[in-house]
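Chains as they are written, first to last, in my numbering: chain A, 12 to 267; chain B, 12 to 267; chain C, 12 to 267; chain D, 12 to 267.
What the hints contain is simulated information worked out from the structure, not anything from laboratory work.
For identical chains, the list gives no copy identity; a pair is met inside one copy or between any two copies.
Below, in silico cross-link-like pairs of lysine to aspartate or glutamate (EDC-like), each with a Cα-Cα straight-line distance of 20 Å or less: (1) LYS66 x ASP46; (2) LYS134 x GLU175; (3) LYS185 x GLU249; (4) LYS240 x GLU216; (5) LYS83 x ASP104.
Just so you know, these numbers come straight off a predicted model, no measurement behind them.
There are 4 protein chains.
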Amino acid sequence: MQETIKPGDLILLATEEGKTYLVYAEKKAFQTHKDSFDLGLLLGHPWGTRLKGQKGTYCFALRPTLHDHLMKLKRVTQIIYPKDIGYILLKLDIGPGKVVLECGTGSGALLLALAHSVGPSGKVITYEKEKRFQEVALSNAKRVGLLDRIVFKDIAVNTFEEEEEIDAVFLDLKTPWELLPAAWKALKGGAPLGILLPTTNQVSETLKQLQQLPFTQTEVVELFIRFYKTNPQRLRPEDRMVGHTGFLIFSRKYLP
Amino acid sequence: MQETIKPGDLILLATEEGKTYLVYAEKKAFQTHKDSFDLGLLLGHPWGTRLKGQKGTYCFALRPTLHDHLMKLKRVTQIIYPKDIGYILLKLDIGPGKVVLECGTGSGALLLALAHSVGPSGKVITYEKEKRFQEVALSNAKRVGLLDRIVFKDIAVNTFEEEEEIDAVFLDLKTPWELLPAAWKALKGGAPLGILLPTTNQVSETLKQLQQLPFTQTEVVELFIRFYKTNPQRLRPEDRMVGHTGFLIFSRKYLP
Amino acid sequence: MQETIKPGDLILLATEEGKTYLVYAEKKAFQTHKDSFDLGLLLGHPWGTRLKGQKGTYCFALRPTLHDHLMKLKRVTQIIYPKDIGYILLKLDIGPGKVVLECGTGSGALLLALAHSVGPSGKVITYEKEKRFQEVALSNAKRVGLLDRIVFKDIAVNTFEEEEEIDAVFLDLKTPWELLPAAWKALKGGAPLGILLPTTNQVSETLKQLQQLPFTQTEVVELFIRFYKTNPQRLRPEDRMVGHTGFLIFSRKYLP
Amino acid sequence: MQETIKPGDLILLATEEGKTYLVYAEKKAFQTHKDSFDLGLLLGHPWGTRLKGQKGTYCFALRPTLHDHLMKLKRVTQIIYPKDIGYILLKLDIGPGKVVLECGTGSGALLLALAHSVGPSGKVITYEKEKRFQEVALSNAKRVGLLDRIVFKDIAVNTFEEEEEIDAVFLDLKTPWELLPAAWKALKGGAPLGILLPTTNQVSETLKQLQQLPFTQTEVVELFIRFYKTNPQRLRPEDRMVGHTGFLIFSRKYLP
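Please put together the full structure from these sequences, using the hints given.
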């Protein structure tokens, strides 16, 4: 049974040139810089419907994927990028039913991906010290409809003290080495730890501390993504690319 | 409650230098090229336990993650790599409860990742023409315990004819352009399509065909992963890296 | 003996934050967006002198290197980048005394590098069809003082007909495959050919034609350059990088 | 006038699949793993000649370029790679007539490139502490015919004390920061300094020291090279690539 667009649904409105907008389904005109689209015409029509604008261009009413939401997130901090998020999910073994801990929450990009992947039977506990970031992340999670499986906590109040038998921990803050003993305590035996860091100095410092603790199978990686222009007769990479987001460290807790 | 290792459990046995072995928990000695480990000592102990070998080196008894399983897969074909799998899962919006279609199955690396992510409430329908590949993929899925949500089909018998309202389609075969109309028919409106291809010529050909069909928001990307040596005093990338696995194409079905 | 800055000398004026300007030594104030520098104070002083501005910031009076000139070139076309130029010089075996042929001239970036490397005893013959580009390249070469070893020709008039026993040929135009027989004729036996192309389709077409001709040891490569921020306490790559300039093809003429 | 192959000439013998061998022209059979070639047949024939083997395969008699020599160098140390050498030559502004200083010599790869580029009117002064490396570098330079412009010195005896007004300095040793004051003293005002380092820790340490000295316009870069398979119908990058050689630092001396 085809699902149709209902009033209040979030729509990813995508133009022919690939510009995208996150809009609510309602009886209202939506103005891009090139054309005007009557969103009311979409109501009751199936997802994926092509809509003609007043000036004759087209846009497409797509149901937003998690990736779409990540690209449209309200941001108050640098977010973790999809190229990194995909790999993090895999290395942390995230899946339905898992209980995951992250610190800090930031704008909530990784948080949403974790919450999406653990499903309704899983849980994501996310620590942050900045009230302001937490509020933005909460509002982002609400919009995507993932609040039911997220627990927000304040890292200034406690350092994972009440957590135990956690399936995976991810640290995204300036001095993750300070939280390594607490992360170790919270994790299940053998469970994966992930860390994101922008500078080589932080990576060195973190590796030094990891060596002092019962962690093993430590890896440091960097991911690159390269976009291509999609003209089949003139296939070539884009002129510019992201040169750096961060280094990723992964490790596993062991019981000495 | 800490879970303990039981007879018959699959263990990722990891040495201090990072060599890993997939073994079954049983009363038996396991020989690496450097030491010998009495696996029987692990029974009844928690996951993550460190085990001393006869010659005094250590190994760690880790519960295998999906990523570990992917690295240890029985292979009869070139497999899709974790760097690509993580991004594919994100772009195809895979998560608990989704119904996904892939063709071809190959050794089943992406299949396992899809099956892991859709969870017990989801489904992966995987098409293949080589009986031999299908058998290997089936045995790989069985070992990881994901068979319950996978349906194996033969692409030589039918081309997605019975599929409809599919949440995402992934094509990993030499001539994906031939399956684009069938993929379009099977997909939900607005739903994502993914394709992996090794050569630029295949990318051009696929892009040409995508342009003829009601697909939009087409992207071509390439992902790189770079591993670092983990000595904190001598941090540096590894000397060698994987130079190419494949180009990824993503697109979205629309309703004209 | 230290050389000093004389009136009329070209100076690379570099600020503390790394902004650079190509200016002539003369009694005149030079205005950056942050400060004002009295260039007259540099006359008679050695190269490398630090100059204090009116507002107390510093700039440095550097003798422009070839690389500096390339970055400051007057451009009417996309230029070949230093990362590619360095490798081209090496693969084409450019050095003092060599006779090199290139087509097209464009803005003259590679031309200047070739002319610089062959020295006063060498020669660069450069073909172009656009009068306008040729004029810009000529004025660029004049400014750098390399005109004595450059011969400008019009590819619309003849196709390397008068050239023979050339040490190396470089082709930088849209349809290099059309010039391969002429390039072959012009080259010495065993001598290297280089080609720059932006798209994979052009690379495929060129490779197809090279296979039909007495060329051997064909290589296709791509070069990337990644810049780092230079804070020693926060060492990390720059956020953005150039994602693509072009593919390089190299081959060698043989005598069948 | 076509030059011909004379007895004693060094030939790069290249097979159809791209295997290469550096051999001397003489009346002798040369055995590859696939065929046998009568080198005597090449004498008196022009460079670039194709030679048929006993089993019907072909090889090509190419005059070795500098790049060919670098790939065939006798190595006692890790050598600097062509991708880096090309860029180093450009950033150090190497060209005919320049006087360049390098430390350490190693196997002499960069040394040969520098000596080739400065031509007979230039000079390369190369410091090394290991007698054994120096001897290998000397024999490599002799074979390529570049000894006339090279001066070998022992860094254990003196630290550039007798050098002044040098056009460019390159440092390739473990602790380049110790030589920065000596390099500064040896350089011309405004002249470029280059440094190669494998680890990020060394880069940080060097940057720290550079900041203490009258050096400006400091850059840190990394270069990647990616080779493609040359089948025009199946164009794609090679499966494996070099992941890391070293980080390059460039800076310029100023006069405070």
